[in-house]
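Residue-level listing of the chains:
Number of protein chains: 2
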Amino acid sequence: MISKAQIKFIRLLDQKKYRKKHLIFIAEGAKVAHEILNSSLKVHKIYATANWISENRPLYEGNKDIEAEIVDEDELKKISGLTTPQQVLLLVGVPLTSAKPVIESPLALALDGIRDPGNLGTIIRICDWYGIPKLFCSEDCADAYNPKTIQASMGSIARVEVIYADLPELLHSNPGYMSYAAALDGSIDIHKTQINGKTLLVIGNEAHGISPAIQSLCSHTITIPRYGSAESLNASIATAILVDNFKRMMG
Amino acid sequence: MISKAQIKFIRLLDQKKYRKKHLIFIAEGAKVAHEILNSSLKVHKIYATANWISENRPLYEGNKDIEAEIVDEDELKKISGLTTPQQVLLLVGVPLTSAKPVIESPLALALDGIRDPGNLGTIIRICDWYGIPKLFCSEDCADAYNPKTIQASMGSIARVEVIYADLPELLHSNPGYMSYAAALDGSIDIHKTQINGKTLLVIGNEAHGISPAIQSLCSHTITIPRYGSAESLNASIATAILVDNFKRMMG
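So the sequence lines, in the order shown, correspond to chains L and B. Residues 1 to 251 in my numbering are what the first sequence lists, from first letter to last. Residues 1 to 251 in my numbering are what the second sequence lists, from first letter to last.
In short, the hints are calculated from the structure, not lab data. Mixed in with the good hints there might be a few duds.
[To be verified] Here are the computed lysine-lysine pairs in the BS3-like style, where the Cα-Cα straight-line distance is at most 25 Å: (1) LYS42(L) x LYS134(L); (2) LYS192(B) x LYS192(L); (3) LYS192(B) x LYS198(L); (4) LYS45(L) x LYS64(L); (5) LYS148(L) x LYS148(B); (6) LYS16(L) x LYS42(L).
Since this is a predicted model, take the numbers as computed values, not measurements.
If we strip away everything but chain L, and leave its shape as in the complex, we get:
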């Protein structure tokens, strides 16, 4: 039986300030729970239906630090942030990230002011698909531990390290990387270029693009050719297209 205090504690984790205070975030659904329980993220507590518990016990029973509590559908509804609650809800520790923003992979990605939690989660999933282990975010980006971000990442948050960093410092402290600012009027057409060597792609805000200060620090501006009439593409769509082209060229 879940107490009122527990319900209140969990629901408050929808808010960034409480996630920051307790260093705990919520992850929901069988797919996301599976990925997180198979990762190095620290799970504090599992709330799940009897059915989920009986099928998934091997995922966590070796770990004595994880407490599992059976909940019924009504209780799950009370703690869940989803319209249709999905069997399991985890309380997970927010991981510590490196203090210095050091890039290690040949292709890296930085976000300048991505505000929509769903876009951020989708971009985390794109990083995971393309083998980009770290995602650098400016401080004004959406929070990676927002429940909507976790949901959209479809479990990829378990494998991609999201690092909030000062982007000018990131650019300055990684001089071995050529940096490409994505822009609607970028001077390089991604279909008509060749990329070799270490590359940092910078994606800007949904409405305003990359801030002028950051763009001026990048070596190049790059664009996706437009064949039709749409004014722009969604930020996560543009990220996917650019990352795919870079990976194709870099191999």
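Position chain B relative to chain L; hints supplied.
Just chain B now, kept in the frame of chain L:
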């Protein structure tokens, strides 16, 4: 002053059966309204703030069939489906589409069971960016005139014709097209192929992919190479990456 009957009529248009009955859909927001008023879509009515009306009158005043009504913030809240209503709401006629699914552009796109209205809207926007004038959808796809689809299309619904069609018939009646079924285990790697000639790309359902019956009618299966660990990509993200690669190769 909006009547209760008007409010009820507009709110019911959130449901597909009422859109189908009246052949009217809702479009909200300044950007979407601007695109629709500049297109061949038939606008029946404009509900907008005095501010929007005074700034945008030239968009519609030549057209005597369009009735514009000034609403205040409270009234707009009552008719809007958005959490934050945005100055203007249009009632727009659902356009008639061709009875026969004939492809006319060198690259065409068909969706088999895309259920999420947001994904469908994002894909309509991708078609518009890449100059694909018609989007073919199986009957079990989300409705193109769902308010969430209209919102996600960001006005591109004004330029892309969405045609609900029997996909086997589409494939049979366009024999000049090579058809590519997108699949996680597709045999052709999109980064390692060359495409020439007329091409029809088929994208499947978010959870289950393309139905076996449709896949067996396609000439090829095609895949996006995975460099990391994510199990899959979001359907609209995968669509964007594949369309971008096809356009790069076809020019």
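For this session: Quick one: which hint numbers does this structure break? Sort them smallest to largest.
Result: Those not satisfied: there are none.
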